[in-house]
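**Q** Okay, here's what each chain looks like letter by letter:
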Amino acid sequence: MSELKVSEKEIVVPGEVLAEGMSYVPSYGTYRSQDKVYSHRLGLVNVDGKVIKIIPLSGKYLPKRNDVIIGKVVEIMLSGWRMETNCAYSAVLSMKEASADFIPRGADLTRYFDIGDYVMTKIVNVTSQKLVDVSMKGPGLRKLVGGRIISVNTNKVPRIIGKQGTMISMVKSATGCRIIVGQNGLIWISGEDPNKELIAVRSIKKIEEESHTSGLTEQILNYLKDLIPDAKFEEKGEENGL
Amino acid sequence: MAYKKRVDGRDWHETRPITAKAGVIPRADGSAYFKIGDTEAYAAVYGPRNLYPRFMQDPATGILRCHYNMMPFSGSGERVRPGGSRRSKEISAVTEKALLPVLDLTEFPNAVVDVFIEFPQTDAGSRCAGICAAAIALADAGLSMKDMVSAIAVGKVDDKLVVDLNYAEESYDAEVADIPIAVIPSTGEITLLQLDGIIDKHDLKKAIENGIETCRKINEVQKNALKEKYRK
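Taken in sequence, the protein lines are chains B and S. To convert, note that position 1 of the first sequence is 1 in this note's numbering; the numbers rise steadily by one, no gaps. To convert, note that position 85 of the second sequence is 1085 in this note's numbering; the numbers rise steadily by one, no gaps.
Among the hints, erroneous ones may be present.
Selected chain S positions facing chain B (Cβ under 10 Å, derived; list incomplete) [stated by the list, open to error]: (1) Thr1019; (2) Ala1022; (3) Asp1029; (4) Gly1030; (5) Asn1050; (6) Val1102; (7) Pro1109; (8) Leu1138; (9) Ala1139; (10) Ser1144; (11) Ile1184; (12) Pro1185; (13) Gln1222; (14) Arg1231.
Subject to a maximum C-alpha distance of 27 Å in a straight line, what follows is the list of computed DSS-like cross-link-like pairs (lysine-lysine) [as the list claims (entries may be wrong)]: (15) Lys205(B) with Lys1227(S); (16) Lys9(B) with Lys1146(S); (17) Lys9(B) with Lys1217(S); (18) Lys1146(S) with Lys50(B); (19) Lys156(B) with Lys1227(S); (20) Lys205(B) with Lys1229(S); (21) Lys5(B) with Lys1229(S); (22) Lys1206(S) with Lys5(B); (23) Lys1229(S) with Lys206(B); (24) Lys143(B) with Lys53(B); (25) Lys1206(S) with Lys1035(S); (26) Lys1205(S) with Lys206(B); (27) Lys53(B) with Lys1021(S); (28) Lys64(B) with Lys1146(S); (29) Lys156(B) with Lys1217(S); (30) Lys1035(S) with Lys5(B); (31) Lys1146(S) with Lys36(B); (32) Lys53(B) with Lys1146(S); (33) Lys1217(S) with Lys5(B); (34) Lys9(B) with Lys1229(S); (35) Lys64(B) with Lys5(B); (36) Lys53(B) with Lys1227(S); (37) Lys1146(S) with Lys156(B); (38) Lys50(B) with Lys36(B); (39) Lys50(B) with Lys1227(S); (40) Lys1021(S) with Lys206(B).
Quick caveat, the hints were computed from the structure, so don't treat them as lab data. None of these values were measured; they are calculated from a predicted model. Where a beta carbon is used, it is the ideal one built from N, C-alpha and C, also for glycine.
Construct all of the structure, not just a fragment, from the sequences and the given hints.
**A** See the structure below:
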């Protein structure tokens, strides 16, 4: 006899019994001990058929291949750059992956990226020891000049981007800012008007805080309309902040 | 002179009033506040973050570092000398060992999770309050844990077995045993067991049973604190 002990979207804490019986399958963030399935972390329950998983609400970023992240150059090495990635592990951008141009041996690497520069990159490899390799070969990957960087909870990034990028493109078109959202929770914002830049920051913080409420897109739309009465909204959404 | 009534009028197996709250320190990755009677603990978790010096790194798993600290005027009597001491170092170490069995940091090789536990005010039972706060904070930080950890001091004052001793009972003028105990509630496994004083085998067994039972109740408070953070 299998029985589910929690309901969909319920908040559970580590060690809570999610289901009894062998017919439920533990997935991400859960584990089985004897005939019970327990929660392994704090989050929301998601039941898909017989598979139970936890959607995390907090926690630091864990590097994953193919994620587009924003990194900050912290060290210049013999043949590349080391970048801080807002998580426990730094990433390495090698010379070969940095530019389409040929960089000669012994060239001054600070001409390309200097310490303190923010760069939008894509993770190409993560080893078991969490050595992270990033690349700049890809559409839209570039150095981020000017603007400001804010950091948000990585688990809220999908909500900030929205379905097919609806949420973020709404903020972009309302404020006229260029915004890039990194999967690691760093967001780059750059606009002509500093006030509108600030509104963009505030609305992103608002999305982060209220990410669990439904009808958030509508709420943010009204929020933006209030602050910027002459805002123009484009209908079409786009993927990420590319 | 037998111990007839507890100094603060509680039942023998009753704890002092408990309040717990998660997410009290905005800049920390996870945080918690735990108050039991007049003992107050704040725990802040930072990380997983990179760990230096390099020789401390463990390529197999992330490590946990706990820092227990009583603030200078937190005690009930004299001023506590600020900074680390032999006592705080030891309690930091046992706190770490009490929490590690539930934590799974294999996802974070070479990294460290730092837990800072601060006491603005204490009235005995601080290591237990610290462990309770730290467990909430670690869960709040989104780390993988197979269960929470709950802790309480049990013991014997004169001829009576009691739960959750306060400072007046700890320093009662008779034979006193003070036994801090930390428990993994779902399995009843013990992750911390210390004993200060004299107690016989039979009473010790009973005291531990009382401790495990009380820890299960404290676990409910911890769970509620975490859920309360997200309730709207």
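**Q** Next, verify each hint and record whether it holds.
**A** Going through the hints against the structure:
no.	hint	result
1	Thr1019	violated (17 Å)
2	Ala1022	holds (9 Å)
3	Asp1029	holds (6 Å)
4	Gly1030	holds (7 Å)
5	Asn1050	holds (5 Å)
6	Val1102	holds (7 Å)
7	Pro1109	holds (6 Å)
8	Leu1138	holds (8 Å)
9	Ala1139	holds (5 Å)
10	Ser1144	holds (5 Å)
11	Ile1184	holds (8 Å)
12	Pro1185	holds (7 Å)
13	Gln1222	holds (8 Å)
14	Arg1231	holds (8 Å)
15	Lys205(B) with Lys1227(S)	holds (22 Å)
16	Lys9(B) with Lys1146(S)	holds (20 Å)
17	Lys9(B) with Lys1217(S)	holds (25 Å)
18	Lys1146(S) with Lys50(B)	holds (21 Å)
19	Lys156(B) with Lys1227(S)	holds (18 Å)
20	Lys205(B) with Lys1229(S)	holds (18 Å)
21	Lys5(B) with Lys1229(S)	holds (21 Å)
22	Lys1206(S) with Lys5(B)	violated (32 Å)
23	Lys1229(S) with Lys206(B)	holds (17 Å)
24	Lys143(B) with Lys53(B)	violated (37 Å)
25	Lys1206(S) with Lys1035(S)	holds (26 Å)
26	Lys1205(S) with Lys206(B)	violated (53 Å)
27	Lys53(B) with Lys1021(S)	holds (26 Å)
28	Lys64(B) with Lys1146(S)	holds (24 Å)
29	Lys156(B) with Lys1217(S)	violated (33 Å)
30	Lys1035(S) with Lys5(B)	violated (30 Å)
31	Lys1146(S) with Lys36(B)	holds (13 Å)
32	Lys53(B) with Lys1146(S)	holds (14 Å)
33	Lys1217(S) with Lys5(B)	holds (20 Å)
34	Lys9(B) with Lys1229(S)	holds (15 Å)
35	Lys64(B) with Lys5(B)	violated (32 Å)
36	Lys53(B) with Lys1227(S)	holds (18 Å)
37	Lys1146(S) with Lys156(B)	holds (24 Å)
38	Lys50(B) with Lys36(B)	holds (13 Å)
39	Lys50(B) with Lys1227(S)	holds (25 Å)
40	Lys1021(S) with Lys206(B)	holds (23 Å)
Consistency note: the structure conflicts with the earlier hints numbered 1, 22, 24, 26, 29, 30 and 35.
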